[in-house]
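A.B. asks: Given next are the chains, with one letter for each unit.
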Amino acid sequence: RKEVEQDPGPFNVPEGATVAFNCTYSNSASQSFFWYRQDCRKEPKLLMSVYSSGNEDGRFTAQLNRASQYISLLIRDSKLSDSATYLCVVNGPAGFQKLVFGTGTRLLVSP
Amino acid sequence: SQTIHQWPATLVQPVGSPLSLECTVEGTSNPNLYWYRQAAGRGLQLLFYSVGIGQISSEVPQNLSASRPQDRQFILSSKKLLLSDSGFYLCAAWDSESYEQYFGPGTRLTVT
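Keeping their order, the protein sequence lines are chains A and B. Residue 91 in the numbering used here sits at position 91 of the first sequence, with consecutive numbering throughout. Residue 94 in the numbering used here sits at position 94 of the second sequence, with consecutive numbering throughout.
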């Protein structure tokens, strides 16, 4: 089983749509969770951290379900500029400073 | 925050040639540093990480090596490149203040 699993997509949605991505992780001892965004041929950049109570940043909402070991990302009112690959990231077994990256979910927002 | 410099941006090398990729970091001192590789259409694979000068941990057996001669310098090397070494190489640093991992712009390596 992969340490972090994501649906590779692509998710094709029209502008203004709401889209949700899920991610599952295998290490129940994981403590830190993140969503990164990666544009084509660019480096990943932190989109948001994921807190146990869930957190929101503008149009983006992240939630964590420890019991089921999954993380979600909800994007509301999708923009063309949201087109990218979204990486689910979990701290690895060695501790919070060694992150494990999912292979990413590709999102394509069309006019 | 951390600012990470990597060069070159792209590189084409023949099989059997040596490799040296350099990464330098600006920001907090003694950061944890990382080298990742991303093959085409694949996820990020952690290759090496370093918690301090001269301290290198290797994640997977491979044709590559890493060194950290200075606090803010991380080097990825190979004596003889293989076709399978092609990929997008990313240097990263952990910022303990912002609790975030920052990435450099990456080097796209093609081995021919």
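Take these hints with a grain of salt, some might be off.
As the list claims (entries may be wrong) - Cross-link-like lysine-lysine pairs, in silico, DSSO-like; alpha carbons within 30 Å at most:
1. Lys42(A) - Lys2(A)
2. Lys42(A) - Lys79(A)
3. Lys42(A) - Lys79(B)
4. Lys45(A) - Lys2(A)
5. Lys98(A) - Lys79(B)
6. Lys80(B) - Lys79(A)
7. Lys79(A) - Lys79(B)
Claimed, not checked - Which chain B residues stay away from chain A? Per the calculated CB distances, all over 10 Å, these:
8. Val12
9. Ser17
10. Ser20
11. Asn32
12. Leu47
13. Ser58
14. Lys79
15. Leu82
16. Leu83
17. Ser84
18. Asp85
19. Leu90
20. Gln101
21. Gly106
Rather than coming from a laboratory, the hints here were simulated on the basis of the structure. All values derive from a computational prediction rather than experimental measurement. From the three backbone atoms N, C-alpha and C, an ideal C-beta is built for every residue, glycine too.
A.B. asks: None of the hints should be skipped; say for each whether it holds.
C.D. replies: Hints versus structure:
1. Lys42(A) - Lys2(A): holds (24 Å)
2. Lys42(A) - Lys79(A): holds (19 Å)
3. Lys42(A) - Lys79(B): holds (27 Å)
4. Lys45(A) - Lys2(A): Holds. Lys45(A) to Lys2(A) sits at ~22 Å (cutoff 30 Å).
5. Lys98(A) - Lys79(B): Distance of about 27 Å is within 30 Å: holds.
6. Lys80(B) - Lys79(A): violated (45 Å)
7. Lys79(A) - Lys79(B): violated (46 Å)
8. Val12: holds (16 Å)
9. Ser17: holds (23 Å)
10. Ser20: holds (20 Å)
11. Asn32: Check fails; 5 Å does not lie beyond 10 Å.
12. Leu47: holds (12 Å)
13. Ser58: holds (13 Å)
14. Lys79: holds (27 Å)
15. Leu82: holds (23 Å)
16. Leu83: holds (20 Å)
17. Ser84: Given that every Cβ of chain A is farther than 10 Å from that of Ser84(B), nearest at about 18 Å, it holds.
18. Asp85: Per Cβ check, Asp85(B) is outside 10 Å of chain A; nearest 18 Å; holds.
19. Leu90: Leu90(B) not clear of chain A: closest Cβ-Cβ about 6 Å, inside 10 Å.
20. Gln101: violated (6 Å)
21. Gly106: violated (5 Å)
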